[in-house]
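Here is what each chain is made of, one letter per residue.
2 protein chains.
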Amino acid sequence: MHTSKIKVIEPKKIKWLVEKTSNEWLQQAIANPLEVLIDHAHCERKAAGAAVQLMFRYLCEPGLAEVLSPLAREELEHFELVMKLIISRGRYLEALPAPPYGALLTKKIRKEEPFRMLDSFLVSGLIEARSHERMSLLAKESPDIDLRNLFGSLLASEARHFGIYWTLALERFNREEVCSRLNVLAKAESEILSKLHPQPRMHS
Amino acid sequence: MHTSKIKVIEPKKIKWLVEKTSNEWLQQAIANPLEVLIDHAHCERKAAGAAVQLMFRYLCEPGLAEVLSPLAREELEHFELVMKLIISRGRYLEALPAPPYGALLTKKIRKEEPFRMLDSFLVSGLIEARSHERMSLLAKESPDIDLRNLFGSLLASEARHFGIYWTLALERFNREEVCSRLNVLAKAESEILSKLHPQPRMHS
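Going down the list, the sequences are from chains A and B. The numbering of the first sequence is my numbering, which starts it at 243 and goes up by one. The numbering of the second sequence is my numbering, which starts it at 243 and goes up by one.
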């Protein structure tokens, strides 16, 4: 409910992603819509969990919980939407072996504060940016109309989410530091993806 | 968004609480409205965290995430409302030493499944029931009109929450087992509260 009030600073002009998603990934995702959906449900719940965890870690930091709590609610709402489509197709959530993307990226977060906070914002933003890029591809290219509609309907808020993390970083750190660190992490993100075996997952 | 669809089985006819809250607690809470508010914000965020955690633990259990995800969203919404009132009074979230109520009650959860699941539902329900009882007292007795209005506005959904946990238990375990275990845990809950020093906390 507060997200609309957040002044989001031109997130689309920021170069979050160093490398674009390959056509190979897209074809595999298109060929496995249900697996991608189930994996995406997991991504939404994990994104909600990460926002809640971040909010709990920096509980007394003014301006953080006001933003992260509505963001977590929105991720949960998306989780419910994705789950609804999965259920409508006669399936349910299933344990899917996750690619090591999230774990490898999280390892790049520095341990000492305040760098840990900055890196946490940027890693969360990068994951949102990659989800956004891949959801855009599926919203455009998937032959499955339900998937196109679902991902199409989630795109705007996904874009807002990485804008939120960008703004949280910029409100607390100087622009030069934020951009330089984003640069390092964005390179790492693309490098991690380049070494993963392509699988029908949002982040493989 | 799905909560309205949940068939809630007469939660109000169930004897959740063995002992009523003392007048001593009420007077202390009334005398410390801001401390109670800050503590209550923590309770809402913890309740959201607990619902998310439960949902993650039993992710492939049909009918659970559909209920716990909207419940977690509602707890976060309440958290934001309480925080808004705290901020409007010139304060923010603060680290408050929590009474050992939640930790002691959680210790009563049996380790082996499926008892762990049943006990988790009942302990969450008991905490909701106690919050509901105390919020009702404050909504009626506090001289602070903002507190009366806030707690009054949250009461209906708090009552629904313990109804949700009750229903989750009853859908998966036989009624006799649920009632008998609730009996044990409810006695433990009142006993824990009877030994805590009265403090201006929701669960002291």
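Don't take every hint at face value.
The list treats identical chains as interchangeable, and a pair is accepted whether it falls inside one copy or across any two copies.
As the list claims (entries may be wrong) - Using 30 Å as the maximum straight-line C-alpha spacing, the simulated DSS-like pairs for lysine-lysine come out as follows: (1) K350 - K326; (2) K288 - K350; (3) K326 - K429; (4) K382 - K353; (5) K353 - K288; (6) K349 - K382; (7) K326 - K437; (8) K326 - K288; (9) K429 - K349; (10) K349 - K326.
Hints listed in this document are in silico derivations from the structure and should not be mistaken for laboratory results.
> Tell me, which hint numbers fail for this structure?
Replying inline: Hints 1, 3, 4, 6, 7 and 10 not satisfied by this model.
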